[in-house]
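Colleague: Please build the complex by placing chain D on the supplied structure of chain P, with the hints as guidance.
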Amino acid sequence: MAGRNRISKATVLAVQLIFAAAFTGSWLALPPSEQNRLTAQIKRTRLRPDIEFTNRRPAVVSSLYNDATVVSEAELRAVLEKVVPRFSRERLKPNYVEHALRAWGCQADFHSPKLISGPQLTNFLLNSGQYVASWGNNSLPILQTAGNGIRIRWGGDTSASVHHDHLLASLAEAGVSLDRPVYTTNREATMEDVLSEALRDFRLDERETEWSTLAFALYLAPQRTSEWHNAQGRRISFDLMAKRLMRADRSRGVCLGTHRVYSLMALLRLNKAFDSELISPLMDKTIFLFLQETRDLVLASQASDGSWPPNWYDGKDAQVKGNPEAKLHRRVIATGHQLEWLAIAPESLQPPRGKIRKAADWLIKNVNKTPQEVIDANYTFYSHVGNALALWRGTTPAEFWANESPE
Amino acid sequence: MPVTVPESALSNDEDFPKESLPDASALEDKTPDWFRTSPSSCLFLLGLGIIFVLFYGSAPLWHSDLWDHINYGQRILHTGEIPTTEPLLPLAKGMPMVQTAWGAQAGMAAVYTSPRLGLAGLQFLNGLLVVLAIGAVGWAAWRSSGSVVFGMLAYSVFLGVNWQQFLVIRPQLIGVAFFAVLLAWLTTNQKRGPAAWFLLPAMFTVWANLHGSFAMGLTLLAIFTVGRFLDTGLRTRSLQLALSNRVGWRLVLLLQLCSAAVLLNPNGLAVYGEVLRVGGHPNINSMYEWDPLTLRMKQGQAAAVMAALLLIALRVSPRRLRTDHLLAVLATGGLALWSSRMINWFAPVSAFVLAIHGAAAWRLWWRQRRRIAEPKRRGLWTIVSLGLCWIFFSFTSLGVQTMHGKTAAPRRSLSRATPIALGEFLTTADAIPDGLVCAPAEWVGYLTNVRGGRFLPMVNLHVHVIPEEVWAAYLRIQNGAEDWQSQFDFYGINYVITSKVSNRRLINRIEASKDFIRTYEDAQAIVYLRKKEIR
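These protein sequences, in sequence, are chains P and D. Residue numbers for the first sequence follow this note's numbering, beginning at 1317 and rising by one. Residue numbers for the second sequence follow this note's numbering, beginning at 302 and rising by one.
In isolation and in its complexed conformation, chain P is listed as follows (with noise of 0.2 Å):
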C-alpha cells in the first residue's frame, strides 16, 4: 500500500521541468506591455508609459495667416505691452507663469528687470528651488517626485498649477525640450520625466483631458507615435482623446468650452503636418465635421459689436438666451479664444474675414479701454488675447517684440 504513494524523482523531476517550463515559456510569450504591467502589479510600483522618447523638441502649430486689416502692427504693439509678464516674483502664480510662457516662449527676452523673461518664467516652474523662493515653505513644491516620475501638482489652490497638464501644455508651447532639466527638492530629473509621468497617469475620463491633448500631441506627433498604455493598462490614442474631447455637450469645458476647439484644431494641423499618423482618417473627418458645426454657432452667435457671448454654443439663439449680466471678461475669454483657433485653422474653417476683423477690433478696444490692473487681474485670458491677435499677423508674441523692440 506505501508502495502506491511513492513518487519517484524521475517524477519529481518532470514536474519541476514542466512547471518551469510552462511558467517561463509564458512570461516570454506576453507582449511587453503586459510584461510590464504584471511586473508593476506584482512589485507594487509604477508602471511606466511603453514609449521610447526619440523625438525631443516639442512641434509647433502655427498661425496661417498674416493679415494686417485684422490688428495692424501698432495696434499689436499696444496690446502686447499690456499683456508682458510684470508680474510680482513674491507668491507668483504658476497658472499666470503658464500662460505667459505659451504666449512668450520660453527665450522671450523683455530686457527689462520689472519683466520675467522666458527664462526666469521656466526656471520658475521647473525649478523648485525657484519656486520656495517665491512661496516660500508654507506651500508645497508644484514638482513632486513620483517614484521615477515628476508630478506636477495642481487644483484649486493658486500656488498650484490651475489646470491639469496646463503646465506640460503649456511649456510644449513655449517651446521646452524635453532634455531640459528639472529640479524638484530631492532630485534632478528632466522634462521627459514630467512627460512620462504625465502619459503614465493620463485618464481618459477625468474632468479636463484639454491640455493633456495638446501637450501629448506637440511631443509625441514628431516621432509619429499615436497610442500608449497609461498606468490602468488602458491604450490611450489621439483617436480616443479626440472623441473624449467632442462628447460633451460644447457648454462643457474650460473657458466656455473653447480650449476643447483649440486642441482639436491643433491635433488636426499636426496630424497633416505629420503624415496623418496620429489620428485615423475617420477620426480626422470627424474633427473636421465638429470643427465645422463650431464654426457654424461661432458665425451665429457673434454679437453686433463683434464680441462673442459666453454661451456662444447657442449658436443663433446665443442673444436670446446669454444672460444680460454676464461679466465683460467672459466675453473677453469667448472672443480671444475663437480668435486664437481660427488663426490657426484652414481657410474651409474660417468665417467670413470681416467676423474676424469685427472681433478684433473688439477685443484691441477692449484692451486698450481696459486699467492695466484689471488686465493684471485676468491676465489669463488676456494672454490669449494676445496671442491671438500676434497668430492673425502669422508672428509669436516673443518675435514680434524682438523685432518691434530697440536693442
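Careful, some of the hints might be misleading.
Said to hold, decoys possible - Lysine to any residue pairs mimicking SDA-like chemistry, simulated, CA-CA at most 20 Å apart:
1. Lys1559/P <-> Thr386/D
2. Lys394/D <-> Glu1543/P
3. Lys1637/P <-> Phe817/D
4. Lys394/D <-> Glu1524/P
5. Lys1559/P <-> Phe817/D
6. Lys1559/P <-> Phe791/D
7. Lys1325/P <-> Arg836/D
8. Lys815/D <-> Lys1325/P
9. Lys1637/P <-> Arg1611/P
10. Lys1601/P <-> Arg836/D
11. Lys1637/P <-> Val553/D
12. Lys1398/P <-> Ile1358/P
13. Lys1632/P <-> Lys833/D
14. Lys1671/P <-> Leu1613/P
15. Lys1325/P <-> Val553/D
16. Lys1601/P <-> Glu1663/P
17. Lys832/D <-> Lys1325/P
18. Lys1559/P <-> Gly754/D
Please keep in mind that the hints were generated in silico from the structure rather than gathered at the bench.
Modeller: Coordinates of chain D only, in the frame set by chain P:
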C-alpha cells in the same frame, strides 16, 4: 425446474395458470460490473432529479449577467478572436481585458443561438451545472460517511446555503461545479490513483478557459496540501514525519502541475494577474453582491444557520476533524465574510463537513455500531436511474422542446425583471439618437442583445473593465444625484432609460427638468430623450 407460486398468491380465478409468473429475484444479473448501481444511487439520483426539475429545468433565466456574457460570446464567435481590450462599451475602449471566461461565454452564445437549444438549452445547462455541483459534494459526503441519506443532506444543505448564487446563470457556475468536483476528489480516496496526474491538470486547463475561479480551485488544493502536512505533524508530533508525508508531496506536485496547466489558455500568464486585479478592483467594491456577508442578507442568514449546525455536529461527532477540512472551512468561511460572493466556496465545503460529521453523530446517537451494508448493486437500478433521467429530462423546457417541438415564449423563459417589452420597443423604434445611452446596468446586456450594435450603453455589468470615473458617474446618475444633468452633459448622453423600481429619484429629477421628454413607458421602465441632442 418449474417455479411454483405460493398458494396464497393464487387467485380464485381458475383462468390463471399456477405456473406462469417467474420469480424475478432469481434472475441472474448479467450486466457488466461497471453498469451496476445500487438502490441508494437511484435514491440519490432521484433527489437530484427532483431538485433539477422543480427548481431549474424550466426556471426563468435571471436577467443580469447572462446577456452580457452572451454578448461577449457572440462577439467571440462572430470575429473568431478573443478581444484583448473591451469591445462593447464605447466608454471602455482601450481598457485591457483578460477574458478568463471566454470559453463559457462562447459556449453560452452557441447554445443561445442554436435553433435546437436556445433559451431552453440555457435553462437545462444551468440546471445541469447546479446538479453537478451539488451532486459532487453529495457523492463525496456519501462516500466519506457511508450514508446516502447524509449525502443527500449534504447536497440539500449546499443548495440551500448557495441558493441565491445559483439563481444567476453565469460562467461562475461552471467554476462552482469544478470546485465541487475537486472537493469530492480531495476528500475521497481518489488522490492515490495515477489518473489524477492527467485528469486533474486537464480539468484545470478547461477550468481556466471557462472562468477565473480556477484560482479558488488552486487555493483549495493548496489548503488540502498544507492541511495534509499539518495533520500528520499534529497527530505524530513529529516534523520529520510531517514533511515526509508522501500524500502531501503528491499534492504539492499536483498543485504545481495544475498551476502550470492553467497557463494553457489564450491569455497565458496574464490570467493570474487578472484574478488578483479583479478581486481588488474599486468598481467591484461598489457592487452589493461583493459586500461582506452579513446577517441582513438571506444568504448570510443561511450561512449562519449552516455555521451553527456545523458547530453542533462537530461538537457531537465522534469523528476526528481533519486539519485539511478545518482549514478549508475556516479559509472559505473567512472569504465569505469578506465578500458574500465567496459563499460559493464556503457552501460546498461546509456542507460536506457538516454531512460527514452529522452522519457520525447520528450513528453515535442511535448507537449504530457499524455502517449499514450497501444493498447489492444491480443492473436493474442502473436502468431505473436512466429511466428517471429520461423522465426528468422530459419535464424540462428543453425536454418539451426536443420531444414535442414546443418552444416556450421568452416571457416564460426569462425572469420577470427582464425588460422584454422595452426591448421590443427598442427594436422597432428608430428614435434612439446617436450617442450614448444611459440605462440600468442589469438591463444593458439584454437590450444590447435585442437591439444589436446600434445600442451604445454607458456601462454594463462587467464593471472591472469600466473606467473608475465612468462607473462612479453611472452610480451617481442611477442614484439621482444632484449633478445628474452635468453627468449627462459630460458624457454626451441623449437617451436615458430608467427603472421605475430603482431610479425613482432620477426619474423625479428628469421630470422636473425641461431638457428631456418622455418617449416610452411600460410597467418597468420610462425612457427619456434629450430635446436638444448633443452632437
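Colleague: Does Thr386/D sit within 20 Å of Lys1559/P, going by the straight-line distance between their CA atoms?
Modeller: 17 Å, holds
Colleague: Given the hint that Lys1637/P pairs with Phe817/D, does the C-alpha gap stay at or below 20 Å?
Modeller: Roughly 18 Å between the alpha carbons, so the hint for Lys1637/P and Phe817/D holds.
Colleague: Given the hint that Lys1637/P pairs with Val553/D, does the C-alpha gap stay at or below 20 Å?
Modeller: 74 Å, violated
Colleague: For the pair supplied as a hint, Lys1601/P and Glu1663/P, is the alpha-carbon distance within the 20 Å limit?
Modeller: 16 Å, holds
Colleague: Run the distance test for Lys1559/P versus Phe817/D: straight-line Cα separation, threshold 20 Å.
Modeller: Cα-Cα ~24 Å, so violated.
Colleague: Are Lys1559/P and Gly754/D close enough, with their CA atoms no more than 20 Å apart?
Modeller: 19 Å, holds
Colleague: Tell me if the straight-line CA distance from Lys1601/P to Arg836/D falls inside 20 Å.
Modeller: The given pair, whose Cα atoms are some 15 Å apart, holds under the 20 Å limit.
Colleague: Check whether the Cα positions of Lys1632/P and Lys833/D lie no farther apart than 20 Å.
Modeller: Since the Cα atoms of Lys1632/P and Lys833/D sit roughly 14 Å apart, the hinted pair holds (cutoff 20 Å).
Colleague: Given the proposed pairing of Lys832/D with Lys1325/P, does the C-alpha separation stay at or below 20 Å?
Modeller: Violated, at roughly 76 Å.
Colleague: Measure nothing beyond the straight line between the CA atoms of Lys1671/P and Leu1613/P; if it is 20 Å or shorter, mark the hint as holding.
Modeller: 13 Å, holds
Colleague: Given the hinted pair Lys1325/P and Arg836/D, is their alpha-carbon gap at most 20 Å?
Modeller: With a Cα-Cα distance of about 70 Å, the restraint between Lys1325/P and Arg836/D is violated, given a limit of 20 Å.
Colleague: Is it true that the CA of Lys1325/P sits at most 20 Å from the CA of Val553/D?
Modeller: 14 Å, holds
Hint check: violations occur at hints 5, 7, 8, 11, 12 and 17; the rest are consistent with the structure.
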